[in-house]
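Q: Sequence:
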Amino acid sequence: MDAISDFVLPFQLEKVSIRGRLVRLDHSMQDILGRHQYPPLINRLLQELIALSTALANLFKLEGIFTLQVNGDGPVRLIVVDITHEGDIRACARYDEEKVMKLPLSTASIHPILGTGYMAFTIDQNNVDDRYQGIVELSGSTLSECLHHFFRQSDQLETGVVGNLPTSNQQTSNHMAAALIIQRTPTPSGLSFEAIEEENDGWLRSLSILGTVTAKELLSHDLSAQDLLFRLFWEDGIRIFENRLIRAKCRCSEDRISEMLQTFSTTDIQDMIEDEKITVTCEFCNQEYIFDPQILLQ
Numbered sequence: 001m002d003a004i005s006d007f008v009l010p011f012q013l014e015k016v017s018i019r020g021r022l023v024r025l026d027h028s029m030q031d032i033l034g035r036h037q038y039p040p041l042i043n044r045l046l047q048e049l050i051a052l053s054t055a056l057a058n059l060f061k062l063e064g065i066f067t068l069q070v071n072g073d074g075p076v077r078l079i080v081v082d083i084t085h086e087g088d089i090r091a092c093a094r095y096d097e098e099k100v101m102k103l104p105l106s107t108a109s110i111h112p113i114l115g116t117g118y119m120a121f122t123i124d125q126n127n128v129d130d131r132y133q134g135i136v137e138l139s140g141s142t143l144s145e146c147l148h149h150f151f152r153q154s155d156q157l158e159t160g161v162v163g164n165l166p167t168s169n170q171q172t173s174n175h176m177a178a179a180l181i182i183q184r185t186p187t188p189s190g191l192s193f194e195a196i197e198e199e200n201d202g203w204l205r206s207l208s209i210l211g212t213v214t215a216k217e218l219l220s221h222d223l224s225a226q227d228l229l230f231r232l233f234w235e236d237g238i239r240i241f242e243n244r245l246i247r248a249k250c251r252c253s254e255d256r257i258s259e260m261l262q263t264f265s266t267t268d269i270q271d272m273i274e275d276e277k278i279t280v281t282c283e284f285c286n287q288e289y290i291f292d293p294q295i296l297l298q
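The sequence shown runs 1 to 298 under the working numbering.
If you're looking for bench data, these hints aren't it; they were derived computationally from the structure.
Predicted model only: the values in this text are computed from it and were never measured.
It is possible that some hints are incorrect.
Stated by the list, open to error - Distance ranges between label pairs, derived from CB positions: (1) D275 <-> H221: 43 to 49 Å; (2) N286 <-> M101: 16 to 22 Å; (3) H149 <-> A215: 18 to 24 Å; (4) Q226 <-> L297: 55 to 61 Å; (5) T279 <-> L245: 31 to 37 Å; (6) P40 <-> S154: 29 to 35 Å.
Glycine included, every Cβ here is placed at the ideal spot set by N, Cα and C.
Sequences are here, hints too, so could you generate the full structure?
A: If you want it as structure tokens, here you go:
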């Protein structure tokens, strides 16, 4: 059993040029979703996107913020997750509650929920003006399949990813999520034809193995992350590195919101006043901040 339940575990295969990340999230997921009263279908999407975001962010040499968001024209208009290089993660969703509640709890495909739209991920590096952004249409029945589509359509390294969650859509306080991602790294130069064929066969074999992973395995408290990886990839040898801890933490603060409010015009600030105060609620963590309008208008 894993002593720590919120982490990303990096690994690489020894006999082929493949690296990967295994993500398991428990307490951080309870914290993030517990701050909202989202319908079960929204929770399911957020759980998957949070796990996928954590896996992807840790593939990059990141010194800043990684953001993964999905926009659609269906009942759910937006789901967004961002994670810092320190492992602080937050997430939220925007949706039409009446339309979402009309969807059957058994809805499995993302398209009745999200409609037509796109997935975008953005890398904002600290102290760097340029940022990287990748965008792909929602092509696939799950968010994991949409990511597969992005890597197939782009010039990125070949990648396989799976995100698995509990199959029940019932409202529950027991939120968990997991993801497993593998990525083919550049093949060393100077390899013989036979060695290149072995690399290709190893990649196809690893993708096939990835397709056999079940939600029960990914989310099991009785099967450690290390044991799961050895069970899957023992044939090609596996080296496991130190895990990185993940925690739910919002970056909002009274000072930041005050600075934001002070960028508005006097008219805009006056329009925000209700009961002689201005109330701002963080969309990510539901923290409420109250401000004196007279101070902002000084």
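Q: Would you mind marking each hint as holding or not holding in the structure?
A: Structure-based check of all given hints:
1. D275 <-> H221: 43 to 49 Å: holds (48 Å)
2. N286 <-> M101: 16 to 22 Å: Holds, at about 20 Å.
3. H149 <-> A215: 18 to 24 Å: holds (21 Å)
4. Q226 <-> L297: 55 to 61 Å: holds (58 Å)
5. T279 <-> L245: 31 to 37 Å: holds (34 Å)
6. P40 <-> S154: 29 to 35 Å: Holds, at about 32 Å.
Violated hints for the displayed structure: none, as all numbered hints are satisfied.
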